[in-house]
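Whenever a hint applies, use it, and build me the whole structure from the sequences.
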Amino acid sequence: MLDAEAAADGPSSSARTVVVERMDIKPGLYRSTLANLDKSERFNLSKPLADQNYNRKLVTDRDGKRSWAYVGASKISNYLVKNGIRVICGD
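Its first residue numbered 47, the sequence shown is counted upward by one per residue in the numbering used here.
Derived from the structure by calculation, the hints contain no laboratory data.
A few of these clues could be false.
What follows is a set of in silico ranges between Cβ atoms, one per label pair, in the way DEER data are often shown [to be verified]:
1. G130 with G74: 36 to 44 Å
2. N99 with M69: 15 to 23 Å
3. L83 with R108: 15 to 23 Å
4. A96 with R68: 35 to 43 Å
5. I71 with R108: 14 to 22 Å
6. K128 with V66: 19 to 27 Å
7. C135 with D97: 14 to 22 Å
8. E67 with G130: 16 to 24 Å
9. I131 with L75: 28 to 36 Å
10. T79 with V127: 29 to 37 Å
11. K121 with A81: 18 to 26 Å
12. I134 with P73: 34 to 42 Å
Below 27 Å or equal to it, Euclidean Cα-Cα: the simulated DSS-like pairs (lysine-lysine) are [what the hints assert, rightly or not]:
13. K121 with K85
14. K103 with K128
15. K103 with K72
16. K111 with K128
Virtual Cβ for every residue (Gly too), placed ideally from N, Cα, C.
Okay, here's the thing in structure tokens:
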């Protein structure tokens, strides 16, 4: 779990934790896996962060492990605050 402030760049709820799924990647597969995750999340290092739907942020979880997290950028966060459906619990 991550503290909500550690995981959110934009608007956040009053929840203090964010449930995440962390993957441990074999060192030899790290670069290709990160590239595939970036592609899946449509994250492009060559574009300005403001133009991305998600930004990649290095965070530390409560177990002390550092991980890349994909967090909603202001563009998608603002859209979801206005048009999204709040998930009260669960995945």
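Structure-based check of each hint:
With their beta carbons about 38 Å apart, G130 and G74 fall inside the hinted range of 36 to 44 Å. In this structure, N99 and M69 meet the distance hint of 15 to 23 Å, their C-beta atoms being roughly 21 Å apart. In this structure, L83 and R108 meet the distance hint of 15 to 23 Å, their C-beta atoms being roughly 22 Å apart. Between A96 and R68 the Cβ separation comes to about 27 Å, which falls outside the hinted range of 35 to 43 Å.
Against the hinted window of 14 to 22 Å, the Cβ-Cβ separation of I71 and R108 comes to about 20 Å, which satisfies the hint. For the hinted restraint 19 to 27 Å between K128 and V66, the CB-CB distance of approximately 24 Å keeps it satisfied. At about 32 Å, the beta-carbon gap between C135 and D97 misses the expected band of 14 to 22 Å. Distance hint check for E67 and G130: the Cβ-Cβ separation is about 20 Å, which falls inside the suggested range of 16 to 24 Å.
Distance hint check: the CB atoms of I131 and L75 are about 35 Å apart, consistent with the given range 28 to 36 Å. One distance hint, 29 to 37 Å for the beta-carbon pair T79 and V127, holds here, with the actual separation near 31 Å. The hint said 18 to 26 Å for the Cβ distance between K121 and A81, and at roughly 22 Å that hint holds. A beta carbon spacing of about 39 Å between I134 and P73 agrees with the range 34 to 42 Å that was offered as a hint.
A distance of roughly 18 Å separates the Cα atoms of K121 and K85; the hinted pair therefore holds under the 27 Å criterion. This hinted pair checks out: K103 and K128 have alpha carbons roughly 24 Å apart, not beyond 27 Å. At roughly 20 Å between alpha-carbon atoms, K103 and K72 fall within 27 Å of each other, so this suggested pair holds. A C-alpha spacing of about 33 Å is found between K111 and K128, which places the hinted pair above 27 Å, so the restraint is violated.
Checked against the numbered hints given earlier, the structure breaks hints 4, 7, 16 and satisfies all the rest.
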